[in-house]
Amino acid sequence: MPNIATNSPTAAGEYRLDRLVERSQRRVVQFPPGFYRDDTHKLPPLARMLRGGRGGEVRLKLYMSMTLLAASSPHDIKGFSGRAWASALALPTPEVGGARRVADSLNWLEEAKLINLRRNPGMPPDVTLLHPSGNGESYAWRGSWWINIPVSFWTNRWIYELSAPAVALLFATRDMRSNRKEEQPHPWLSGNDRKRYGLSDETWTRGGAELTRLGLLTIARTPQGRDFDYQRMRNTYWLHMERLEDPIPSPATGGNSGSPG
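Numbering-wise (the UniProt record's numbering), the sequence shown opens with residue 1 and increments by one.
None of the hints are false.
Derived pair list, reagent style BS3-like, types lysine-lysine, alpha-carbon separation capped at 30 angstroms:
| id | residue 1 | residue 2 |
| --- | --- | --- |
| 1 | Lys-113 | Lys-195 |
| 2 | Lys-42 | Lys-113 |
| 3 | Lys-42 | Lys-195 |
| 4 | Lys-113 | Lys-78 |
It should be emphasised that the hints constitute simulated quantities derived from the structure, not laboratory data.
Put together the whole structure using the sequences plus the hints.
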């Protein structure tokens, strides 16, 4: 069942989405930590995108799809209209309302210094990706760590199914899993750890419940501490990224009923 911020995708929309994947020639899309985490406890771009209701969902999925298409040098996109983006993202009334929501999202992403727009009279704007942390610099980053989102997120239509809170939790729990200590097979978060992602309690609750319902996440209560220490019960998170390679569950086995946050 599609997220309520979208319609059921049309054949034309799915065709455009598949063409995006084909044009990208990618198997995975890389997102560096500056996009979804800030160790100074400022709001990272991902958390800022989610603020503002349904607009947050369009901003996030549009940005992820533009990164799919333009993550290789020169990191630009030309000739892709707002109507085409709206259709690929299954937004309602792509010719009018959907195109307007895409335009609003592009303006927001430009103000957030995640993209640069070059406006051409009578033509779609040219888009150039900037640094994913939103510092306004060129698209590049240093470091050995990033999150890989497989193209199956698009080809298996998870982009239509998952709400913005669920996608945000996908990033956060993927980051947690890959940074866990060997003695911590199921990662948990302290209050300070959670602040690094800047996500609201509502996003954690709704996004976690949605990922769990769809088989992408297991949340359990596990004691933390050594045998003779005080053991505090904490939520532990285990993300099943391999689930993205499978078809979306039917409504009878689970589906998305949440709205974007």
